[in-house]
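Top line first, the protein sequences correspond to chains A and B.
Residue 571 in my numbering sits at position 571 of the first sequence, with consecutive numbering throughout.
Residue 1247 in my numbering sits at position 247 of the second sequence, with consecutive numbering throughout.
These aren't lab readings, by the way, just hints derived from the structure by calculation.
C-beta: ideal position from N, C-alpha, C; glycine also.
Some hints could be false.
[To be verified] Derived coverage of chain A by chain B (criterion: at least 3 residues anywhere in the stretch with Cβ under 8 Å from a Cβ of chain B; other residues may be distant):
(1) 56 to 67
(2) 237 to 251
(3) 266 to 278
[What the hints assert, rightly or not] DSBU-like cross-link-like pairs, simulated, lysine-lysine; straight-line CA separation at most 35 Å:
(4) A:Lys134 to A:Lys77
(5) A:Lys315 to A:Lys474
(6) A:Lys267 to B:Lys1125
(7) A:Lys274 to B:Lys1134
(8) A:Lys267 to A:Lys134
(9) A:Lys63 to A:Lys77
(10) B:Lys1047 to B:Lys1125
(11) A:Lys267 to B:Lys1134
(12) A:Lys428 to A:Lys416
(13) A:Lys315 to A:Lys416
(14) B:Lys1324 to A:Lys274
(15) B:Lys1324 to B:Lys1134
(16) A:Lys267 to B:Lys1121
(17) A:Lys630 to A:Lys274
(18) A:Lys416 to A:Lys630
[Unchecked claim] Stretches of chain B that chain A covers, calculated by requiring three or more beta carbons in the stretch to come under 8 Å of a beta carbon on chain A:
(19) 1134 to 1140
(20) 1187 to 1193
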Amino acid sequence: MNGPTVLSARRPLAVNPWLVAWAVALGLVVVVSLIGKDTLPWAFKFPRQWVIPLSVWISDFTKWLLNDFDLGLFTFKELTRSIAWVIEQPYWLVRSLLSTGFLQGRGSDAVLVFPRLSWVAVIFIITMMGYYAKDWKLALLVGVCFLYLAVFGQWDSAMATLSSIIIAVPFGVMGGLLLGIAGFRSPRLELIIRPILDLMQTVPVFAYLVPILILFGFGPVSAMIATIIYALPPMVRITMLGLRQVPSEITEFGSMAGCSPLQLLWKVQIPAAKTTLMVGVNQVVMMSLNMVIIASMIGAGGLGFDVLSALRRLKIGEGVEAGFAITLLAIALDRLSQAYAHRPPPMHGAARQGFIRRNPNLVLAVFIIAVTWMVGTVMTSMQTFPEAWQITTGAFWGDLVRAININYFDQLDSFKNFLLLNLMIPFKRFLLGLPWVTVVGLVGLAGWQLGGWRLSLLTGSLALFIAIVGLWPKSMVTVYLCGISVLIACLIGIPIGVAASRNDRLHRIVQAIIDTLQTLPSFVYLMPVVMLFRVGDFSAMLAVIAYALVPAIRYTDHGLRQVPAHLIEAARATGCTRRQILWKVQMPLALPEIMLGVNQTIMMALSMLVITALVGTRDLGQEVYIALTKADTGRGLVAGVCVAFIAIISDRLISAWSNRRKAELGLE
Amino acid sequence: MQERRPDRKLFSRRFRLIRSRQRSPMSSQSEKLVCNNVWKIFGENPKSVLARHNHAPSAGQLAQEGYIGAVRDVSLSVKEGEIFIIMGLSGCGKSTLVRCMSRLIEPSAGEILFNGQDLLKTGEKELIDIRRHKMGMVFQHFALLPHLNVMGNVAFPLEIQGVNRQTREARAAEVIELVGLVGRENYYPRELSGGQQQRVGIARSLAVEPEIWFLDEPFSALDPLIRREMQDEFLRLQSVLHKTIVFITHDFDEAIRLADRIAIMNGGEIIQTGTPEELVLNPATEYVSEFTRGIPRAKVLSASAIMVPVSGDAVSGQVAMATKIDDLAADMVSANAPRAVINNDGAVVGEITRDAVLAVLVEKEGQP
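Kindly produce the complete structure, drawing on both the sequences and the hints.
Right, here's the structure in full:
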């Protein structure tokens, strides 16, 4: 008789309180979903009269800023236009040098005063830079990439794109450096900068194209300003990181040598952080390229414009060639800037005397420019790549896609329909059917469990914001497309990552491929899916998966590889099989890292999703894109901020989980 | 790796002479750097914690309130031209203390007098000026600037002052020669061995001819053979330069070998300050005697420590007061008569016997 009582007294039912909370919450969701449709209509469809017209206010504010705001000596509009003017001058110079030549007069009456750099000279210089930065292999690679641009008739557009980058990168690097320094020196300022950086990196690029368009007008300068803003955040972060990593002894030495604060910064800390800072420069170059392509929508011209117009006219061949040109330009710039970043520090050598001996490369480059220019005046093929030599594969690509569509249309179509009907549409219906109140509640509860009431308050109120500004249904479409793409990307990416972590040769191959994939501007991914599946959610999903795949692979591979070797040895000594080692030792330890990869995948998916608005999705991205075409600042910004909020919610929740798990495992 | 090395023996002999001359009338030397009741407490509000505990919180009180007392109530004075060593195990606060002395770290309370001037009341501008012209510091991990070659690194403190290129490189060449790195001027730090890198660090800290020279565990990152070589090199330099030196180390052997005086630190406090001889003869606490236990006494004790009053018997010669037992032992074991001990003026102050020397050599219990 006594037995059971004693037992139950000794072992009270150990129920995880969170489990109860989730069970209750999910039960509530089900109840509300089932019975609420008639009794609580406001829980399903956010009532129109509750919506705060934030977008209208913002639009009105921008109009006032632009038309009526007067700073005393000058108006706001004059201020923005004069900023534009400052950036325009160096841009005009570089563009003349590389692309248009120096002209006098306007339009068709323009007279060429001085020709642009000849294609021979540009290819020669870029090859020489490759050799200087690393070795003849790199020289060959970048040389061939640029030769492609000439041979396939992409030269003019590519040089226009390149001029934008050449101007945007120094502005981005300097701006990022200065902001990073400010954040490094004042922790209080850093507290302000960090959330702004988070927001800048998660708000979709289209969203800030709109205000820039309005403030600075349509044209290459606006595109450049957008590019600089887009490329700035990583440089700011890397500057703060790099300066913080300078060994404290080096800083102390600087102080003991009697450096003033400015001397300490510029003569000691920044040179000591140079390697890290150069990685930031590489990032700025690649982000700039990505953005310059996208910014073709607000008049940047160049290769992005070629792809965009080919997409719009469904000219497959032209699009593919321009897409290849972007890809090759990206690879060349990436490898070149990486090689510069990782250039070994100098070795000793006798100091050279004289200008020519000290700068042999510069002198050689000037010499080549002069020679090609002189030869070019008599031999035009040297100046401009002759059209007769150009090759085009446009027709080939067009035929290929036509052939695929004729021969495999049924298979492709049924594949697409199968996924749409069985996976995508049901999931979309499910999400759209959920009452917004319950979703806000669940997001808040997750925040509470993972990070306490602060996180709960943050995630809950961000979700509530989306409902209040009246974008709930569109946001759910975004969540659905993003969720399904991320799911599939993880299903493909994580196994690849696992395989790569277990085989060194595969690891190297996969690394090479994902490194290249990551350098490609997001625009390029749209080409093949549209060719095969035309526009719609399905194409968008494929493009997003392709773009977002990289972090899932990379983090899985890295996470599994960084599991300490002695733990694996211990497992092997215990007699685990390879499979057991993977599932019982490596996976649990690598899971926090893999989840960070999933987090990155979500971020990449969201940023790509907005670009897929071009192929006809109906989500927040489309809202931003429409705002762009209508130049409606408020609408674009509010929708953009909603995308950012979705990103921030998922980022905060996953990071909180991952950090807690890492702490529990004693990994950090 | 050819390095120009002077005849070490010659130098060490000369060094000993200099040292014995310096050490004797300690009181007449001027005080270069004085610390009075210096505190460094890490935590949210160090001032208030000090005030609450009558400006003398115990280690336990600090820990209880979540503070770390890195330096606690340290008072010491470093005299002109001496090698003052702060010895302690890692985490005892010695590195924090030396950084307080140059205000790389701001002390929480106390006074730091440099040439009689309180550094804690000195303005930013003047402090920079003092650091530029009067202080030099050598770091454990060398702290060389990776983007500058040897010449650039050594000339850097002068460049900061705005000295023109020709002058500063001429001066840098002098100190590079002094540390024996001629021929390496164009090398970059990563091309040099650890010992060579620290030579650069030493040359760099000497380029401005500092009045006070801080060395923060300068040889700890080097392997034992190189460490020994660098210690000899350091003694050689000091025999030429006569700097006032504050030297940090965790190695008691190193401290005994190099120091004029040693301060032993533990838990942020100074336990005992004294000459190596005083520490070995009269360890103030168990903690100090732990360190002195393994030290061969003959290398530390000098003739004056074991001399007895003059007996009037015949003596077999004279030795200077400051001569180490180790150095006179070889002669003494075969000597039949005691030796007279003379002070710096040549006056006889006592005598030592062969038995007394032997007792020290065999580390007999009960002997000093």
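| said: Could you work out which of the previously given hints the structure breaks and list their numbers from low to high? | reply: Of the numbered hints, 1, 4, 14, 17 do not hold.
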